[in-house]
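Let the sequences and hints guide you as you build the complete structure.
One-letter residues, chain by chain:
Protein chains: 2
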Amino acid sequence: MIDAAGLRVMKAIADEGSFTSAANALGFTQPAISQMVRRLEQRTGTVLVERYGRQVRLTEAGQVLARHAVGVLAALDAAEEEITAIAGLRAGRVRLQAFPSSSATLVPRTLAILKARHPDITVTFTEAEPPESLAALRNGDCDVAVAFAYEGGDLGELEEDLSLLVTRRLMDDEVRLVVPGTHPHAGDGAASLADFSGEEWIAGCPRCRGHLLSLADTAGFRPNVAFETEDYVAQLGLVTAGLGVALVPDLILNAAKHDEVATLPLSPASRRQILAVTTPDLQRVPAVAAALDALCEAAGADPKASTAELVGAKA
Amino acid sequence: MIDAAGLRVMKAIADEGSFTSAANALGFTQPAISQMVRRLEQRTGTVLVERYGRQVRLTEAGQVLARHAVGVLAALDAAEEEITAIAGLRAGRVRLQAFPSSSATLVPRTLAILKARHPDITVTFTEAEPPESLAALRNGDCDVAVAFAYEGGDLGELEEDLSLLVTRRLMDDEVRLVVPGTHPHAGDGAASLADFSGEEWIAGCPRCRGHLLSLADTAGFRPNVAFETEDYVAQLGLVTAGLGVALVPDLILNAAKHDEVATLPLSPASRRQILAVTTPDLQRVPAVAAALDALCEAAGADPKASTAELVGAKA
DNA sequence: AGGATTCCATAATCACCGGTTATGATGAGG
DNA sequence: CCTCATCATAACCGGTGATTATGGAATCCT
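So the protein lines, in turn, are chains D and H.
The working numbering applies: residue 47 is where the first sequence begins, and numbers increase by one.
The working numbering applies: residue 47 is where the second sequence begins, and numbers increase by one.
By construction, these hints were calculated from the structure, which means they are not laboratory data.
We put the beta carbon where it would ideally sit given N, CA and C, even for glycine.
There's no promise every hint is true.
[Said to hold, decoys possible] From the structure, some residues in chain D lie toward chain H, with a derived Cβ separation under 7 Å: (1) 47; (2) 126; (3) 135; (4) 136.
Quick look at the structure:
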């Protein structure tokens, strides 16, 4: 019944004292004001403006509208300002969820870049394994999920989780075999997995364990998993203590101290992909886009070649 | 850029959780919501709604709009409620100005009627002589002026004051000659003004004095005005004291005690008209219309035959 | 799985709101 | 008394914002 335009007109009349100057103040012509007032009057069924001679003044009802106009228009302006602030990266929020081992280097570097580039947006970070972070994304509790996928291995099961989502490849994370420094193969240039079929194995998170089993299966043996821990530092500790061998991604090896163990590249090599995941719509939110760019930059990836498909995803 | 309709839609989506139910809640169809959101999005240049699968949820920017919508829509509703209250006589204001001698009976009775009929409207009353009250009306400081005009006499000078104004005849107020009870003519059935040319006269307000002079002039004499006072009670006191004779309207005689004087009808009779005056626009304001009706009723006039022209105004 | 359902998007259409220019009526002022 | 300033009105017209009809895709149920 009453809209913002009408209030704006009433306020202009109250401020300016005539239709003509109100029209000038609003950038309209005089007849626009004239019939706007008439429409408002027949809509509300009240007399809003008293025409006396060639001057006009507001009636009580008109003054009521003009008075309310101040508050309403201020609130509208405030809303508009907030929106443009979000659009201009002078405000906004990004909720980031990343898997634990990325928290060491990738995420801190990303947050630093974001903070330096857009100091006014607020970033929330939560650690979560890929299945949970993707669920949060789907659920609307998260804007960007940093996930990983083992090449060839569990891409299939992740695939359905990624439907309707967009991914950006951040980096390839090579998986290495970690053995005690005193191990007979410690000095080898590369490790063939079959040579370690008799070892005791230290497995990581469930999906990492799955990857180990998958690799071992193609190498023709079934690994003897003696320990399981999601904590990579603990894994390295166990290896250091000579209790077994483990598959550990480069990302961890670059961040954690591991002087007393040997890290051997696998032959054939095995990698996992580090991915940034979001939804098609969120991708267009400035703060989210900035976060994605920062992630790519922190990972050393080319931001432009980002929306590529997963390597190894079935064509 | 942002209008009330858009905010209403965003709030409905936030409340209902889907376009379809938001459309139902607002009484629209689903495509209306769909393209309303799209318009808002391209107007603000931001993503307001995140479409994930077949569910939708608001982005941060969308939540900002939905949040502001609450306040804005509440303010709009409040304004609308105030307007309808004024239109429905459940609120409103009437500023009444009346000449002093009408304050005795006419105005109190009017206020009583108004109070009984519309207890929620606030009535302001100020005493003012017709020239000032009409000036206030023109100036926007008054809604209804109760004025008087002597028949044939000063209608002309009042006429230009009444241009652009509307008048309602409330009553005819007959003017009587007041003489001391001991006066030789005290028992006469009617008084011819010429018979009192030798008396000392007690004049009232400037315009009443003018009326006296005008009547005396047509009767062929120039009255000896010994006293002037705007206070009719004082006039009656002076007559009672035998200090002169006076012309006093019925309206005063009906209200003030005057036992010891004689009141004689003039021959030819002379009347003044009691008028309610307002502007054409204010006439259509419910509270003002109610006040006019109450005035007519208090004066015993037929409210329907009210907008008549002044008697004696030049056709 | 696969089919039914449900939700959103799009296209085509159309009414009307809300602006414009042109013009007229009228009160105010020199 | 004439002129100017102001509001009202008419005619026109584009864009907003609704509608119906239809399609596509995700979710749900069997």
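Hinted contact residue 126(D) with chain H - closest CB pair below 7 Å: holds, 6 Å
Agreement of hint residue 47(D) with chain H interface, Cβ distance less than 7 Å: The hint holds - residue 47(D) has a Cβ within 7 Å of chain H, the shortest such distance being about 6 Å.
Minimum beta-carbon distance criterion (7 Å), residue 135(D) to chain H: This interface hint is violated because 11 Å lies over the 7 Å limit.
Evaluation of the interface hint that places residue 136(D) against chain H, nearest CB under 7 Å: Result: violated, 13 Å to nearest chain H Cβ.
The structure does not agree with the numbered hints 3 and 4 stated previously, though it agrees with the rest.
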